[in-house]
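Engineer: Here is how the chains run, residue by residue.
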Amino acid sequence: MNYPDPLFDAAGVVAFVFLLTAAAAVLGRYLARLFFHDAPPAFVRRLEKPVCTLLGVDPDTEETWRGYARDLLVFNGIGIAFLFVLLLVQGVLPLNPAGAPGMAPDLALNTAISFVTNTNWQAYAGENAASYLSQTAGFTVQHFLSAGTGLAVAVALVRGLSRRESDRIGTFWMDLVRAVLGLLLPLAFVAALLLASQGVIQNLDPYVTTPSGQTIPMGPVASQEAIKVLGTNGGGFFGANSAHPYENPTPLSNLAEVFLLLLVPAAVPFMFGEAVGDRRQGNLLYGVMIALFLGAFAFLYAAELAGNPLLAGTQGFPMEGKEVRFGLGGTALFATATTATSCGAVDAMFDSFTPLGGLVPFALILFGEVAHGGVGSGFCTMIAFVVVAVFIAGLMIGRTPEYLGKKIGVLEMEMAVAVALTPGVLVLVLSAVALAVPAGTAAALNPGPHGLSEIVYAFASMANNNGSAFAGLDAGVLFYTLAGSLAMAVGRFVPIVATLALAGALAGRKAVPPSFGTLPTHTLPFAAWLVLVILVVGALTFFPIFAMGPIAEHLLMAGGA
Amino acid sequence: MSLRASLRPAIVLFVLALLGLGLVYPLAVTLLAGALFPVQAHGTLVHGHDGSVAGSDLIARPVADPRYFHPRPSAVGYGASGSGGSNLGPTNPDLADRVNASIAELRGAGVTGPIPSDLVMTSASGLDPHLTVEAAFIQAPRIAAARNRSVDGVEAIILAHRVADPAPFHPEYVNVNILNRALDAP
Numbered sequence: 001m002n003y004p005d006p007l008f009d010a011a012g013v014v015a016f017v018f019l020l021t022a023a024a025a026v027l028g029r030y031l032a033r034l035f036f037h038d039a040p041p042a043f044v045r046r047l048e049k050p051v052c053t054l055l056g057v058d059p060d061t062e063e064t065w066r067g068y069a070r071d072l073l074v075f076n077g078i079g080i081a082f083l084f085v086l087l088l089v090q091g092v093l094p095l096n097p098a099g100a101p102g103m104a105p106d107l108a109l110n111t112a113i114s115f116v117t118n119t120n121w122q123a124y125a126g127e128n129a130a131s132y133l134s135q136t137a138g139f140t141v142q143h144f145l146s147a148g149t150g151l152a153v154a155v156a157l158v159r160g161l162s163r164r165e166s167d168r169i170g171t172f173w174m175d176l177v178r179a180v181l182g183l184l185l186p187l188a189f190v191a192a193l194l195l196a197s198q199g200v201i202q203n204l205d206p207y208v209t210t211p212s213g214q215t216i217p218m219g220p221v222a223s224q225e226a227i228k229v230l231g232t233n234g235g236g237f238f239g240a241n242s243a244h245p246y247e248n249p250t251p252l253s254n255l256a257e258v259f260l261l262l263l264v265p266a267a268v269p270f271m272f273g274e275a276v277g278d279r280r281q282g283n284l285l286y287g288v289m290i291a292l293f294l295g296a297f298a299f300l301y302a303a304e305l306a307g308n309p310l311l312a313g314t315q316g317f318p319m320e321g322k323e324v325r326f327g328l329g330g331t332a333l334f335a336t337a338t339t340a341t342s343c344g345a346v347d348a349m350f351d352s353f354t355p356l357g358g359l360v361p362f363a364l365i366l367f368g369e370v371a372h373g374g375v376g377s378g379f380c381t382m383i384a385f386v387v388v389a390v391f392i393a394g395l396m397i398g399r400t401p402e403y404l405g406k407k408i409g410v411l412e413m414e415m416a417v418a419v420a421l422t423p424g425v426l427v428l429v430l431s432a433v434a435l436a437v438p439a440g441t442a443a444a445l446n447p448g449p450h451g452l453s454e455i456v457y458a459f460a461s462m463a464n465n466n467g468s469a470f471a472g473l474d475a476g477v478l479f480y481t482l483a484g485s486l487a488m489a490v491g492r493f494v495p496i497v498a499t500l501a502l503a504g505a506l507a508g509r510k511a512v513p514p515s516f517g518t519l520p521t522h523t524l525p526f527a528a529w530l531v532l533v534i535l536v537v538g539a540l541t542f543f544p545i546f547a548m549g550p551i552a553e554h555l556l557m558a559g560g561a
Numbered sequence: 001m002s003l004r005a006s007l008r009p010a011i012v013l014f015v016l017a018l019l020g021l022g023l024v025y026p027l028a029v030t031l032l033a034g035a036l037f038p039v040q041a042h043g044t045l046v047h048g049h050d051g052s053v054a055g056s057d058l059i060a061r062p063v064a065d066p067r068y069f070h071p072r073p074s075a076v077g078y079g080a081s082g083s084g085g086s087n088l089g090p091t092n093p094d095l096a097d098r099v100n101a102s103i104a105e106l107r108g109a110g111v112t113g114p115i116p117s118d119l120v121m122t123s124a125s126g127l128d129p130h131l132t133v134e135a136a137f138i139q140a141p142r143i144a145a146a147r148n149r150s151v152d153g154v155e156a157i158i159l160a161h162r163v164a165d166p167a168p169f170h171p172e173y174v175n176v177n178i179l180n181r182a183l184d185a186p
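Respectively, the protein sequence lines represent chains A and B. Residue numbering for the first sequence follows this note's numbering, starting at 1 and increasing by one per position. Residue numbering for the second sequence follows this note's numbering, starting at 1 and increasing by one per position.
These are calculated hints, taken from the structure and not from any lab test. Mixed in with the good hints, there may be bad ones.
To be verified - To give an idea of the interface, some chain A residues facing chain B are shown, with a C-beta separation under 8 Å as derived from the structure:
| # | residue |
| --- | --- |
| 1 | 14 |
| 2 | 74 |
| 3 | 125 |
| 4 | 128 |
| 5 | 205 |
| 6 | 207 |
| 7 | 208 |
| 8 | 211 |
| 9 | 220 |
| 10 | 238 |
| 11 | 283 |
| 12 | 316 |
| 13 | 443 |
| 14 | 447 |
Stated by the list, open to error - Just a few of them, taken from the derived set where beta-carbon distance is under 10 Å, the chain B residues facing chain A:
| # | residue |
| --- | --- |
| 15 | 36 |
| 16 | 44 |
| 17 | 50 |
| 18 | 78 |
| 19 | 90 |
| 20 | 111 |
| 21 | 114 |
| 22 | 151 |
| 23 | 157 |
| 24 | 180 |
Claimed, not checked - Here are the in silico distance ranges between beta carbons for each label pair:
| # | chain 1 | residue 1 | chain 2 | residue 2 | range |
| --- | --- | --- | --- | --- | --- |
| 25 | B | 38 | A | 41 | 46 to 56 Å |
| 26 | B | 145 | A | 26 | 50 to 60 Å |
| 27 | B | 67 | A | 439 | 41 to 51 Å |
| 28 | B | 47 | A | 96 | 24 to 34 Å |
| 29 | A | 89 | B | 67 | 32 to 42 Å |
Every residue gets a Cβ at the ideal spot worked out from N, C-alpha and C, and that includes glycine.
Model the full assembly from the supplied sequences, consistent with the hints where possible.
Structural biologist: Structure representation (structure tokens):
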């Protein structure tokens, strides 16, 4: 028997992308209705009315970008404070059948920031360290709210792009409520039941110990698993995340999880096209995202298929850190999707991938998670790159840079650069610190260049709010919990505030009628140019790291060391 | 507008989210999943003759008895309350040493032919209950000898219990827990 069959798997991926694109196009149109044309579906209207009354918010009074940002920061601040306290005291609270103790303050802070910022970096193992109450009232709630926050920012940015001479970009409360009630909650509910049908557990039972002494964990997993992927959160119920048979029991559940984690980020470009009244603009961004995604998948698949000559005594691609049921295609698809978005859930252990296989998730994260990016946040990063691409192209052809009929001025450029470069600066500075202090290097599990990859991957993952890991790193030590908290908070909120400032600046611009000198941004040359800008910015920033980590390790492996 | 103006909606909305998303939503899913998929929702557990829980079909159990199929090796000793992989990097000498030791052990037990990688490499969860059909076939002679059965008979059991799944990408594979139950069936 010939397994794996690359042609068969390629056909599977093409079919998958076809389905995803169709679903995303439909959902994108729905999102445009939900947020822009003031025509949300009746059930959303009925639900949001009493919520607005309770909040004391007038749905028709929009805010400036500063007001929007302030509401967002206050709300997320409350989320961090609540989750921090909940994790500290979970040991004495109910719904804790496994007797998880309260977390240490530094771990609780790291975890609270991690879930509120949509990172879901986990320096603990869920089976032992989190109660059912923390999992539901803490983590599941933030899975919804952090995804809703990301989507709200993207919606505000699209308002900025589509409005003319306005100083308003919407109401944070309304956008968040609509994102949760009109999109995330109904989809998560259906997805949770689908996953439960496959074998994902959903109960409040105590852990079961068998006569032979195996303790089997229980818990309300499906309800969290569904929104974990749908909201590109990635914070799993168990330590092994989506590799655990209770989180991801079948090839079908695996495919469903990949589909769900790509769905909303893939729909946002279509929403954008509808909202700015030019579908071609959204289609172009979607096309660029899919091209990057498929290229990354093919590279990862080929690297794992080529295998590891140091393990030549076995047949088939290396299975260390992989599950049988997903196969090579399912493993590579999940790994690509989870790092092309900001999800960070894993169904295999990246630490044990071949060096070039592990390079793919690493590079996808460092290149800014733009294919398709986190819920909302990926789109914002992509727009930042579009602004940079338009600006550089403008310099080269000697024209004033414009995008969607708006002049790109100094403020827009500053904000776009802040969005695109903040995570990269964080990664480089904090990795350098980690390499200079003993606490930073002692935490690596593997020797040689792989140890470097583990350390830099950790900061890449946290600063870009991904949450996946080269998990051999002991991330629970004080240095990593505190430096990681800083990376996650700055890596999330600085780009968000810069995005909102960009939205505010763009909303205030006059429309410039297109002229002979206008650079069209819906054409194939522009798509190629955009891909090039993304790759060049990423490579210029990170190539030395790739050379010293994964590429050096690949050469060692090929040389038989 | 001041910070205070943000505070009221922020607190009220957070409390609503806590109740709706943190309490009502998981409880509703628990009730509905429990009613629609009672076995799956509670862990696909298997009970022994005395009614006690013998294990879960979805979680690998440690097996050393030569009369049964052995699951993939586990980096966490099949400790279901602490899932995870080895996280050994591809060039870590510990990985090659461990894999080569497992291969030598199989060869010492008389196994010939290629060794499927899943049989000697640890899974991501440490709890993978599945084997490729090839990794199960390699064990058939051992099981047949220990049970005084024909190798063909054991191979027939493997082939009859291949897992069917509509999704693409996966190899032909079997569930070790289900196979072992089938071996004991009269």
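Engineer: Taking the hints in turn, state whether each one holds.
Structural biologist: Hint check:
1. 14: violated (11 Å)
2. 74: Because about 4 Å separates residue 74/A from the closest Cβ in chain B, which is inside the 8 Å limit, the hint holds.
3. 125: Since chain B brings a Cβ to about 6 Å from residue 125/A, closer than 8 Å, the hint holds.
4. 128: Holds, about 6 Å.
5. 205: holds (6 Å)
6. 207: holds (7 Å)
7. 208: holds (5 Å)
8. 211: holds (6 Å)
9. 220: holds (5 Å)
10. 238: The hint holds - residue 238/A has a Cβ within 8 Å of chain B, the shortest such distance being about 5 Å.
11. 283: violated (27 Å)
12. 316: Status holds, d = 4 Å.
13. 443: Nearest chain B Cβ about 12 Å off; hint violated.
14. 447: holds (7 Å)
15. 36: holds (7 Å)
16. 44: holds (6 Å)
17. 50: holds (9 Å)
18. 78: holds (7 Å)
19. 90: holds (5 Å)
20. 111: violated (12 Å)
21. 114: holds (4 Å)
22. 151: violated (19 Å)
23. 157: violated (18 Å)
24. 180: It is violated, given that the least Cβ distance between residue 180/B and chain A is near 13 Å, above 10 Å.
25. 38/B to 41/A: 46 to 56 Å: violated (33 Å)
26. 145/B to 26/A: 50 to 60 Å: Given a distance of about 58 Å, which is inside 50 to 60 Å, the answer is holds.
27. 67/B to 439/A: 41 to 51 Å: holds (50 Å)
28. 47/B to 96/A: 24 to 34 Å: holds (26 Å)
29. 89/A to 67/B: 32 to 42 Å: Distance hint for residue 89/A, residue 67/B is violated at roughly 50 Å.
Violation of the numbered hints given earlier is confined to hints 1, 11, 13, 20, 22, 23, 24, 25 and 29; the remaining hints are satisfied by the structure.
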